[in-house]
Amino acid sequence: MTLALKLTDLSKTFPLPKTLFGPEKPGVRAVRPLSLDVQQGETLGIVGESGCGKSTLARMLVGLLEPTTGTIEIEGKAPDTGNPAEFGKLIQYVFQDPISSLNPRKTIRQIMESPLKRLYGMGRRDRAQRIADIFDSVNLREEFLDRYPHEFSGGQAQRIGIARALAAAPRIIILDEPVSALDVSVQAQVLNLLARLRAEFNLTYLFISHDLAVVEAVSDRIVVLYFGAVVEVGKAEEIFANPKHPYTHLLASSAPVVGRPLTAPEQKGTELPDPLNPPPGCAFAGRCPRASDICHRQDPPLERMGDDQFAACHHPL
Amino acid sequence: MGSYILKRLVSAIPVLLGITVIVFLIMAMIPGDPATAILGSYATPDNVEKLNRDLGLDKPLVARYFIWLGNMVTGDFGRSFSLNRPVLDEIVERFQATLVLAGTAWVLCAVLGILAGVVSAARQYGFADKAITFTVLVGISIPSFFLGMMMILLFAVNLRWLPVSGMYAIYGGGDLPDLLRHLIMPALALAAVATGVVARLSRSAMLEVLRQDYIRTARAKGVRESRVIMGHALRAAMVSIIPVLGIQAGFVLSGSVFIEIVFQWPGVGRMLVDAILKRDILLVQGGVVFVAACYVLFNIAVDVAQSLLDPRIKT
Amino acid sequence: MNFLALLFRNRLAAMGAVVLSLILALVLITPLLPLVDPDVIDTGNRFKRPFTEGALLGTDHLGRDLLSRLLWGTRLSLAVGFAAAVIAAVIGSAVGIVAGYFGGRVDNVIMRVIDMLMAFPYILLALAIVAALGPGLINALIAVAAVNIPFFARNIRGIAVGLAGREFIDAARLAGMGHMRIMLTELLPNVLPVIIIAMSTTVGWMILETAGLSFLGLGSQPPQADLGSMLGEARAALITAPHTSIVPGVMIFLIVMSINLLGDGVRDALDPRLKSGALSRPMARTKVDRKGPIPAGSDALMDIRELETQFHVKKRVYKAVGGVTLSVRPGECLGVIGESGSGKSVTALSVMGLVASPPGVVTGGAVRLNGEDLLDMPFEKLRQARGDKVAYIFQDPLSTLHPLYKVGDQLVEAIRSHHNVSNREARKKALSLLKDVRIPNAESRLDNYPHEMSGGMRQRVSIAMSLANDPEVIIADEPTTALDVTVQAQILALLDDLRRSRGLAIIFITHDFGVVAQLCDRVAVMYAGRIVEEGPTQEVLDAPAHPYTKRLIACVPELGQGRRELAAIPGLPPVVDNLPEGCAFAPRCDKARDECRMGDVALRGGAPRAGAPRAVRCLFPEEEIA
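For the protein sequence lines, the chains are U, E and F, in the order given. So the first sequence is numbered by our numbering: it starts at 1 and just counts up by one. So the second sequence is numbered by our numbering: it starts at 1 and just counts up by one. So the third sequence is numbered by our numbering: it starts at 1 and just counts up by one.
Hints may be right or wrong, so weigh each one.
[Unchecked claim] Not everything, but these chain F residues come out facing chain E in the computed CB check (under 8 Å):
{"no.": "1", "residue": "L133"}
{"no.": "2", "residue": "G136"}
{"no.": "3", "residue": "N139"}
{"no.": "4", "residue": "R386"}
[As the list claims (entries may be wrong)] Quick look at which bits of chain F chain E covers, simulated, 3 or more residues with Cβ under 8 Å:
{"no.": "5", "stretch": "199-212"}
{"no.": "6", "stretch": "231-238"}
{"no.": "7", "stretch": "250-259"}
{"no.": "8", "stretch": "390-404"}
{"no.": "9", "stretch": "411-417"}
{"no.": "10", "stretch": "518-532"}
Keep in mind that the hints were calculated from the coordinates and are not lab data. Just so it is clear, CB atoms sit at the ideal spot from N, CA and C, and this is done for glycine as well.
Please build the complete structure, drawing on both the sequences and the hints.
Have a look at this one:
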């Protein structure tokens with residue numbers, strides 16, 4: 001297997017606005033230094049709750065945000081970070097809100113054509129052919145091409161968003177909560193389409209979601225983020241069944257499941273630490289039932305725990 | 001709160017400096033020899049030499065700016081050639097009259113405008129709403145100077161209820177009732193447009209707020225409708241009304257130039273127009289900087305009021 | 001076409017357009033009209049009254065023909081006003097788009113300069129410019145355009161910032177577009193309506209401002225006259241010859257008024273929010289206009305019978321709720337589940353008349369609380385029942401709590417709206433409520449504003465507020481949807497505890513089967529505004545009778561089953577302004593036969609009562625129900 005994506009010590013710190021007085025502030029660390037390998041053809045799920053840095057990570061991967069530190073390598077190449085045009089041919093993005101990701105004043109054809117024109121300089125006839133091929137593979141009718149975005153339902157618009165990403169012929173697609181704006185009955189349509197396209201075009205997916213069940217259903221491996229850092233990585237079928245990190249365990253036991261009685265899994269506060277003033281040590285220690293002294297002092301490194309499973313915890317389960 | 005006010009005052013310094021730069025640059029556009037141009041018809045060789053010395057007009061632009069700024073900071077705005085007295089004395093005297101007029105008009109526009117807007121929104125599409133909307137439309141379409149002239153014709157000339165012009169009666173005036181009688185027409189004429197603008201904005205701000213989820217929450221918990229409108233909705237609407245009141249203060253100040261001319265009110269606006277026509281540039285420069293600075297300070301007060309109302313503004 | 005139709009449906013705007021086009025037409029043909037030269041002085045004939053021989057509108061202080069001067073002056077005023085508007089709009093919008101798109105330092109620098117320009121009352125800047133350039137019409141034009149640039153720049157920047165953060169701009173960058181191209185082809189078309197609105201609402205202003213400068217003698221110079229200078233010259237003779245003032249004054253008024261009317265019309269026609277009628281204010285209570293007979297009630301605590309709620313938007317009728325019957329007993333939790341657009345939230349809001357109206361109308365059915373119909377209750381009585389007998393918890397606690405009041409004050413208000421107690425007592429009660437919903441450090445939290453709390457804490461406050469008056473029924477409309485799953489688990493546990501300890505009846509609206517399964521005794525499944533299946537939760541989940549229920553449950557991925565192909569339902573839910581005849585699910589149902597597409601399908605099964613059997617709205621159910 002070849003490596004599709006290699007991240008080395010990737011991090012993002014947002015600087016705080018400078019004030020006239022007072023000392024320089026350190027800034028908000030949205031993503032802490034993070035290293036990750038993604039295999040060719042793999043679907044890597046990324047889960048975490050609001051504020052865990054998953055969207056910041058995604059935007060860095062496609063060059064929309066410049067990382068503070070670290071490198072991104074895509075199939076051995078290292079594009080110029082912070083230049084989306086260079087990233088565009090290698091990696092594309094499918095957005096959470098399907099309607100808002102389509103310019104309301106352009107027809108679907110204009111939207112579909114711009115990556116072909118700008119990234120590949122294709123001629124008119126080639127573009128028409130390519131768009132027809134792509135629309136065919138995402139099950140959209142060609143008559144949609146001359147309509148405007150507001151005429152489509154969420155599910156259709158999301159398929160158009162996927163078609164646009166495919167048009168750039170990328171090797172990797174980042175799917176940022178691609179189904180969370182959709183109803184359940186439509187969500188499954190889009191997820192199944194994505195699975196088929198991955199096989200058809202030999203794509204690599206990074207699938208970001210807050211919905212554990214969805215991520216588990218589509219991913220090979222899953223990364224759990226908490227407060228800007230990876231707390232656990234493992235195989236999809238293993239990680240929620242046998243979590244090593246207490247936070248993963250908490251997530252898995254919080255998801256409402258038919259037939260499981262209602263119990264509040266934790267009685268402590270659920271607040272994230274203050275990002276302006278992060279505590280020393282493990283960020284989860286304040287909520288963790290297993291926390292001890294060392295957790296409040298020392299940030300645990302990511303360590304191998306069982307086959308293909310890694311967790312950053314001093315007291316793994 | 002105190003630290004917030006201090007912060008806003010400090011942040012006003014660059015704005016004030018910017019104002020002086022802009023005024024200075026505009027005045028530097030005057031073609032030809034600056035001293036002669038500034039003095040215009042007062043350009044006797046004596047005066048030209050004096051001004052050249054005072055302002056360092058033979059020096060480069062940047063140096064001239066700092067000389068001018070330095071003088072102003074020490075309270076020396078120069079000397080008006082047309083009036084033959086210090087610019088600052090004249091401005092301060094005139095500005096008091098403008099403050100009386102513009103201040104009254106501003107209070108009127110705020111009170112009447114918000115009231116009209118709230119009634120209009122609460123009775124959307126009802127008779128009161130339509131009547132107010134129409135009146136407002138007329139109000140914002142009529143030039144204030146024309147409105148003032150028509151008021152003079154009707155109330156002073158035909159009905160003889162009010163004095164035609166001026167701030168005080170020439171004989172036997174000078175007390176408060178006299179001032180008020182002279183103030184009614186110009187203040188109303190000046191407030192008309194601003195009232196219309198505030199009423200429109202208040203109406204749409206109220207309509208916007210009334211659609212918010214928290215209004216539904218207030219109703220769902222059984223709060224009385226009068227309190228929903230006057231408490232929950234108006235308070236939230238004030239967040240977008242207050243900045244407009246600040247902007248309207250600028251419009252009222254601007255409009256006072258015309259009203260002062262129509263009603264021969266001895267304010268700073270009339271002084272500025274006279275000064276321009278007489279090309280008394282130092283008086284113009286000083287007047288503009290002075291009034292603009294007062295307006296900046298007023299807007300800081302508006303910001304402070306806003307921060308008292310809205311806890312989401314970081315103080 | 002569509003825009004013009006919309007524009008002229010507005011009668012005032014049409015009136016403005018007619019007046020303005022008349023004036024424009026007159027002004028355009030002015031050079032062709034047999035008019036006296038406007039500048040010919042004839043002091044012998046000064047101050048002639050209107051309608052005298054040879055001078056239709058009379059003459060001015062120099063004996064010049066007023067009609068001729070008026071038309072030529074209007075021509076000049078309009079030309080200068082429009083020119084100033086176009087200049088200000090082009091420069092201001094360009095600056096605004098650049099600042100809004102690039103953001104960061106570029107934005108900062110540009111906006112600082114704009115702020116400084118806006119720190120002047122506009123006339124001061126204009127006066128300073130005229131003072132420097134010298135009086136004259138072109139200089140006045142420059143001054144008016146210059147003082148209006150900041151207005152455009154700031155407005156357009158505000159819109160551009162919002163758009164620049166939208167995802168389609170990111171998508172354009174990923175499609176390889178450069179900055180210039182994105183600004184011109186992605187941003188500009190989207191801000192264009194705003195620019196046009198801003199222009200149409202400010203042209204009138206700019207005409208007034210130029211007229212003003214001319215009035216002061218700083219604009220057009222004699223003998224050339226625009227409307228402002230005509231008025232300025234006439235002022236000296238205001239009392240002796242008022243017509244010389246009134247003629248140009250009325251013309252300015254007519255021009256500005258017609259432009260304002262038209263401008264408002266343009267704004268309304270271009271503003272998408274107004275198009276959908278969204279800017280109308282919801283009334284204190286949903287309009288009730290019941291056509292059919294009012295159904296009889298039952299002895300349930302809350303009894304919703306054949307409720308129909310519609311949205312009337314222009315000529316379209318959206319049947320959001322099409323005959324829903326539900327009831328709850330004390331201590332019972334009823335789940336109402338459905339996808340977006342199924343009518344579950346509208347049903348919930350209809351109960352206490354909280355559906356936004358206009359456009360909502362309750363068109364049929366009855367809602368009874370302890371046997372009393374809430375729909376035809378006098379408003380004051382309904383208000384007293386709101387929050388006291390029936391309380392709500394809404395979805396997004398950030399938007400549903402008032403942002404400017406402390407949470408303690410909002411709780412106190414909830415109590416004092418129904419109980420005549422002192423502020424101090426109410427505060428004590430508020431404190432104990434916060435403790436009941438397990439908010440840590442409740443005392444200090446009373447003085448927090450909603451934005452100072454996390455989502456979970458805010459939702460606890462909402463729950464505390466709903467409990468404030470010990471209501472009999474709580475209606476919870478997706479109360480955990482906006483929350484993270486770990487927070488959701490806590491909130492659900494809290495609700496479950498409260499209902500058991502206080503004997504509350506809860507109607508719980510959700511789209512999540514997992515939540516229903518854990519919390520609710522009974523469940524009703526909604527599709528396209530109607531209940532398609534109802535029954536005890538466990539039975540419905542174990543053996544769904546309606547094909548929709550069965551297939552919807554199959555769509556929901558469950559944790560712990562690993563990677564797999566997911567079941568999906570083909571097609572889309574119907575739009576409720578165009579429901580198919582017969583069963584609304586038939587077009588998506590693989591069991592549908594011809595009978596399903598004809599006539600109404602009834603809800604079959606027992607009456608929805610305590611321990612009663614299940615009901616299903618299907619001719620060919622998956623399970624035979626007793």
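Hint-by-hint comparison with the structure:
no.	hint	verdict
1	L133	7 Å, holds
2	G136	12 Å, violated
3	N139	10 Å, violated
4	R386	4 Å, holds
5	199-212	holds (count 4)
6	231-238	holds (count 3)
7	250-259	holds (count 4)
8	390-404	holds (count 10)
9	411-417	holds (count 3)
10	518-532	violated (count 0)
Comparing the model with each earlier hint shows violations of hints 2, 3, 10; every other hint is respected.
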